[in-house]
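Asker: Listed below are the residues making up each chain.
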Amino acid sequence: MNHQFKLLRKESYSGLIGNLLKSQQVYGPVKQEGYTYYKRISYPDEITEDYIIPQMSAKSFVFPKIEKLFSFVKSKDGVRVEDKNLDTIPKKVIFGVRPCDATGIHNLSAIFLWEPEDSIFKKRREQTTIISFACSSADDYCFCTSLGGGPGNTAGSDIQLIKTGTNDYLAEIITPKGAEIVSSNPGLFEDVDSVEKEKYLVRLPVCFDDSELEDKITDAFDTAIFDDLSMKCVGCGACAFICPVCGCFDIQDETKGSMGQRVRIWDSCGLRQFTLHTSGHNPRDTQGARYRQRLMHKFSYMPDRLGVKGCVGCGRCSRACPVEINIHENLQQITKLVKIHKHE
Amino acid sequence: MNKNNIYLPYQMKISKITQEAPGVKTFRLEFLNSGEGELFSFKTGQFGEYSVYGEGESTFCIASPHTRKGYIECTFRQVGRVTTALANQEEGAVIGFRGPYGNVFPIDDWKGKDLIFIAGGIALPPMRSVIWSCLDTRNHFKDITVFYGARTVNDLVYKQELEEWGNRSDVNLHLTVDPGGETPEWKGEVGFVPSVVENVAPSSIDAIVIVCGPPVMIKNTFPVLKKLGFEDKNIYTTLENRMKCGFGKCGRCNVGKTFVCKDGPVFTAEQLADMPGEY
Ligand SMILES: Cc1cc2nc3c(=O)[nH]c(=O)nc-3n(C[C@H](O)[C@H](O)[C@H](O)COP(=O)(O)OP(=O)(O)OC[C@H]3O[C@@H](n4cnc5c(N)ncnc54)[C@H](O)[C@@H]3O)c2cc1C
Ligand code: SF4
Ligand code: SF4
Ligand code: FES
Numbered sequence: 001m002n003h004q005f006k007l008l009r010k011e012s013y014s015g016l017i018g019n020l021l022k023s024q025q026v027y028g029p030v031k032q033e034g035y036t037y038y039k040r041i042s043y044p045d046e047i048t049e050d051y052i053i054p055q056m057s058a059k060s061f062v063f064p065k066i067e068k069l070f071s072f073v074k075s076k077d078g079v080r081v082e083d084k085n086l087d088t089i090p091k092k093v094i095f096g097v098r099p100c101d102a103t104g105i106h107n108l109s110a111i112f113l114w115e116p117e118d119s120i121f122k123k124r125r126e127q128t129t130i131i132s133f134a135c136s137s138a139d140d141y142c143f144c145t146s147l148g149g150g151p152g153n154t155a156g157s158d159i160q161l162i163k164t165g166t167n168d169y170l171a172e173i174i175t176p177k178g179a180e181i182v183s184s185n186p187g188l189f190e191d192v193d194s195v196e197k198e199k200y201l202v203r204l205p206v207c208f209d210d211s212e213l214e215d216k217i218t219d220a221f222d223t224a225i226f227d228d229l230s231m232k233c234v235g236c237g238a239c240a241f242i243c244p245v246c247g248c249f250d251i252q253d254e255t256k257g258s259m260g261q262r263v264r265i266w267d268s269c270g271l272r273q274f275t276l277h278t279s280g281h282n283p284r285d286t287q288g289a290r291y292r293q294r295l296m297h298k299f300s301y302m303p304d305r306l307g308v309k310g311c312v313g314c315g316r317c318s319r320a321c322p323v324e325i326n327i328h329e330n331l332q333q334i335t336k337l338v339k340i341h342k343h344e
Numbered sequence: 345m346n347k348n349n350i351y352l353p354y355q356m357k358i359s360k361i362t363q364e365a366p367g368v369k370t371f372r373l374e375f376l377n378s379g380e381g382e383l384f385s386f387k388t389g390q391f392g393e394y395s396v397y398g399e400g401e402s403t404f405c406i407a408s409p410h411t412r413k414g415y416i417e418c419t420f421r422q423v424g425r426v427t428t429a430l431a432n433q434e435e436g437a438v439i440g441f442r443g444p445y446g447n448v449f450p451i452d453d454w455k456g457k458d459l460i461f462i463a464g465g466i467a468l469p470p471m472r473s474v475i476w477s478c479l480d481t482r483n484h485f486k487d488i489t490v491f492y493g494a495r496t497v498n499d500l501v502y503k504q505e506l507e508e509w510g511n512r513s514d515v516n517l518h519l520t521v522d523p524g525g526e527t528p529e530w531k532g533e534v535g536f537v538p539s540v541v542e543n544v545a546p547s548s549i550d551a552i553v554i555v556c557g558p559p560v561m562i563k564n565t566f567p568v569l570k571k572l573g574f575e576d577k578n579i580y581t582t583l584e585n586r587m588k589c590g591f592g593k594c595g596r597c598n599v600g601k602t603f604v605c606k607d608g609p610v611f612t613a614e615q616l617a618d619m620p621g622e623y
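Chains as they are written, first to last, in the numbering used here: chain P, 1 to 344; chain R, 345 to 623.
Note that these hints are calculated values from the structure, not bench results.
Keep in mind that the hints are not guaranteed to be accurate.
Only pairs whose alpha carbons sit at most 20 Å apart, straight line, appear in this in silico PhoX-like list of lysine-lysine [what the hints assert, rightly or not]:
id: 1; chain 1: R; residue 1: K486; chain 2: R; residue 2: K457
id: 2; chain 1: R; residue 1: K357; chain 2: P; residue 2: K74
id: 3; chain 1: R; residue 1: K413; chain 2: P; residue 2: K76
The model shown is predicted, which means the values in this text are computed figures rather than measured ones.
Whenever a hint applies, use it, and build me the whole structure from the sequences.
Answerer: Given below as structure tokens:
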């Protein structure tokens, strides 16, 4: 795709954030006790550039951990239900989103905008502008390049900033929303003629053949590989909470006195209760079956049904797993499987 | 379904409560907003999410036939939190309902055929919807046979309707209870549903069979049907994987790549044979 590039000089960078702060909520990577989180900022210099990847993904901007769906008040005359007012969802610009996290939001949209469209998600997505930072460094857990992504991937971003050798930024304008920011900040963005984006990006080796993954994992359904890979899994669900693309949720009612609200709340297929029937019957009754669901959903079902993967190779689940289950290694093992049988 | 907020239920007034069996009730529900009621339509086989505000939602099929307008019915067994809260409601109370969700029984494709319904236990509700939909358009079909079994005589649901079907000359009704579940007055059969079906041996020629029941019953009925010559593509059933959203987003009802809420809950035995056994 041919995107337009502009130059954002380091002197203009703070000015841009300052301008955005005047009109909307601004978030960005902020250091806190040695870790980095996407947090709301009040001053441009709160944003750090010294991070590989924030602890938590950026999904909560469009898919919060707890989302009110509507509220209700109970009285002796009955129940009064009040719809959610979507106009209260504020405009936000998120700075410094990693390309994998932006892609995560893009892929998550496929689930929530699948017919019937989730208007709450849609509104949050519309109200959120994403200014990603291309990656000039990575760690051992990152494997976006093996899944067709990369340190300069632009899916889900409105603007991408690429730091140049002179500490200025190349600004890649990706969407109309991004173009709008450029046009409403005259004087900050300058024209550039030649762009060599690639040379500022980290080089990350491709470790397995992505084109074979969907077929291989689909064929492996009845094999013991998922039991083997998840032998140590304790079913804590951390991998799902931390994942930029895990979108599974529970629906619950929360009440306080006569007031209450129905909420959509993060859930995980790794938890035993996820599919448990009241009778005690459980269609996925082993941790192996649940880990299989996790991988199959991401690499077989989502590609098949929605045309996108449920994983962007951010490596967070491997960093977070208490028993060191490493998804990157698992996928390499699966792509090494010999084809066992063919589906007609 | 509400287009602006897909999670927002319709407000439904419970206009009638029937105690079907111990722990099993039927609610007749009418739209509080009659305009919404007029725009609402569903087809037999579909389900919805029923809720008590402050307690949560529960998934039940719509147990009334789509041929009857102005209300819907659900029949549920009290098993846990939401179903208990529902069971505690009285006539006149308002509960939430969102739906209809899922696919349908393709009854238009069954015209001119024999229909055989086989149900066990609390699984009669989805069946009742399709049975009445077919009885309301009776001349579209040839023979209609109903097998229904429960653990005990007391556990049979829709007792009044069973009597009505039994009295009709255009319905062959076979009722059965598990051995030991009979009473002295019991005139039906004693035995498990699959063996009763095997004994009666309905003809598989130009016939459609619909089976709903607990997994054991389904597991034991499929081989009997095979023996009687039914082809997998003419055997219909419904799946009941745990659900939350009902529209393909919450991620828990899938069997392989198939979402029971969106692609089901109605499947043919042919389709099931192609799916992994995660149900
Ligand atoms: C498509 C479909 C149609 C159904 N139709 C009927 C019906 O007509 N009549 C009837 O009595 N029951 C039906 N069920 C089962 C019914 O949904 C559960 O028995 C009920 O949700 C239990 O809720 P609870 O809150 O009382 O139980 P709890 O144990 O307190 O609930 C825990 C949670 O598990 C879920 N859950 C537990 N068991 C099941 C289950 N077997 N299926 C789905 N979700 C479950 C509930 O949604 C609830 O959120 C149907 C299920 C499905 C999927
Ligand atoms: S690497 Fe793990 S956390 Fe990251 S997108 Fe893939 S599954 Fe999710
Ligand atoms: S983080 Fe690790 S232990 Fe926890 S559910 Fe995921 S794979 Fe299992
Ligand atoms: S019930 Fe939520 S995906 Fe099927």
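Asker: Given the hinted pair R:K486 and R:K457, is their Cα-Cα distance within 20 Å?
Answerer: The hint holds at about 5 Å.
Asker: CA of R:K413 to CA of P:K76, is that 20 Å or under?
Answerer: The given pair, whose Cα atoms are some 30 Å apart, is violated under the 20 Å limit.
Asker: Can you confirm whether the C-alpha distance between R:K357 and P:K74 stays at or below 20 Å?
Answerer: holds, 15 Å
Going through the hint list in order, the structure does not satisfy hint 3, though it satisfies all others.
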